[in-house]
Amino acid sequence: MLCRLLLCLPLLLASLVSMVSAVYAKDDVGAANTIIETWGQTRQGEKVGRVSLRNDLGMTVSYIDYGATLTAISVPGRHGQFANVVLSLPSLQAYETSKRKFAAVIGRYAGRIGNASFPLEGRQVMLPKNARGIALHGDPDGYDKRVWTRQDFADDDTVGSVYSLLSPDGDQGFPGMVRVEVRYSLYRRRNEFSIQYRASTTTATVINLTNHAYFNLAGAGSKGMSQHVFRINADRYLLTDDKRVPTGVIASVEGTALDFRVAASLSGRLSAMPVLPGGVPPGIDHSLLFTDWSKNALTQVAQITEAGSGRCMQVWTTEPSVQFNTGNGFDGTETGSEGRAYEAYDGFAFETQHLPDSPNHPDFPSVVLLPGQVFLSTTHFKFSDCK
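Reminder that position 377 of the sequence shown reads as 377 in my numbering, one-by-one numbering, no gaps.
Because the hints were derived from the structure by calculation, they are not lab data.
All values reported here derive from a predicted model rather than from experimental measurement.
There may be inaccurate statements among the hints.
[Claimed, not checked] No farther apart than 30 Å at their CA atoms in a straight line, the calculated lysine-lysine pairs in the DSS-like style are these:
id, residue 1, residue 2
1, Lys223, Lys243
2, Lys243, Lys99
3, Lys145, Lys129
4, Lys223, Lys382
5, Lys145, Lys243
6, Lys145, Lys382
7, Lys145, Lys47
8, Lys382, Lys99
9, Lys145, Lys99
10, Lys223, Lys99
11, Lys223, Lys129
12, Lys382, Lys295
13, Lys223, Lys145
14, Lys99, Lys129
Construct the entire structure; sequences and hints are all you get.
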């Protein structure tokens, strides 16, 4: 009997190898590039998964189901050294208590809405007010504080996930039941990551979606952005009141610290800005309007380089504007995944979106979504060595 087992052992091993090979062969597109794991459980008992993607060049992207939040984008520098360039937190519990919305999806409406109200089809829509009497980023129950449903995918060009969320009629005070999808795609053969937003509604509503990532191209956890250089194809910006709500006036960036049409560092520009309302240190937290915006056309709007690492990030989008924030509000009270507390100016946000308070300004690009229409928005982040 033992001899028979010994004689059969090679056949059994060969059969097992064949079975394993068959599993990988069946899902060979992207199978080796995606890791899915349980990352934690919310205070309400909802399980949260984490997905980690890797492309053929070694670039990796990670994100969690909570808030559809990006937790890492690791890209090479000038000499091939990899570093994560997205600021992140070390645990699910830290994300649940944070108010900074690290790299989460923001909705229903990214940005401020003055007086937490706006007119729509002959009636005034009232939203929950924050302490300053405005609505901001869908608070207090924004999309960044919810566990999204995830469907992973892999095709010949990309690997990634599609997150979906059903936002009921009256959610955050907004009319209409809205179905939202956010597609995260990492390209296999180039260091490029894209975010595509899609939404539909049952009733006329307004919508403005973005991702609230903070970047530091020297590597998350690095102090400051002294070697970052920004080129932003934006020729106008919004004037705002003491609550940072747009007044409706669109001004030229000419002669201001917001003019990055020619590549420039932040040196001298942050201190030239006034102290922001609420005692936030001086810096940039402004809506910039892109010069050559064309609806639904994917256009390069910015290039950011970091001299020390040699990393370059291009931003391409279909959106008309960006909320550019230089991390003025970081105050050392939150420690990142790297074990270092984030201080002022340790990262920048580049939130491609429509303009804040658009529902109250008919001359701004419209954010109204009607039944039968599909909201679409796309932003790509392309990484390379600085040339």
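Here's how the hints hold up against the structure:
no.: 1; hint: Lys223 - Lys243; verdict: 29 Å, holds
no.: 2; hint: Lys243 - Lys99; verdict: 18 Å, holds
no.: 3; hint: Lys145 - Lys129; verdict: 17 Å, holds
no.: 4; hint: Lys223 - Lys382; verdict: 23 Å, holds
no.: 5; hint: Lys145 - Lys243; verdict: 24 Å, holds
no.: 6; hint: Lys145 - Lys382; verdict: 28 Å, holds
no.: 7; hint: Lys145 - Lys47; verdict: 13 Å, holds
no.: 8; hint: Lys382 - Lys99; verdict: 28 Å, holds
no.: 9; hint: Lys145 - Lys99; verdict: 10 Å, holds
no.: 10; hint: Lys223 - Lys99; verdict: 21 Å, holds
no.: 11; hint: Lys223 - Lys129; verdict: 35 Å, violated
no.: 12; hint: Lys382 - Lys295; verdict: 21 Å, holds
no.: 13; hint: Lys223 - Lys145; verdict: 28 Å, holds
no.: 14; hint: Lys99 - Lys129; verdict: 16 Å, holds
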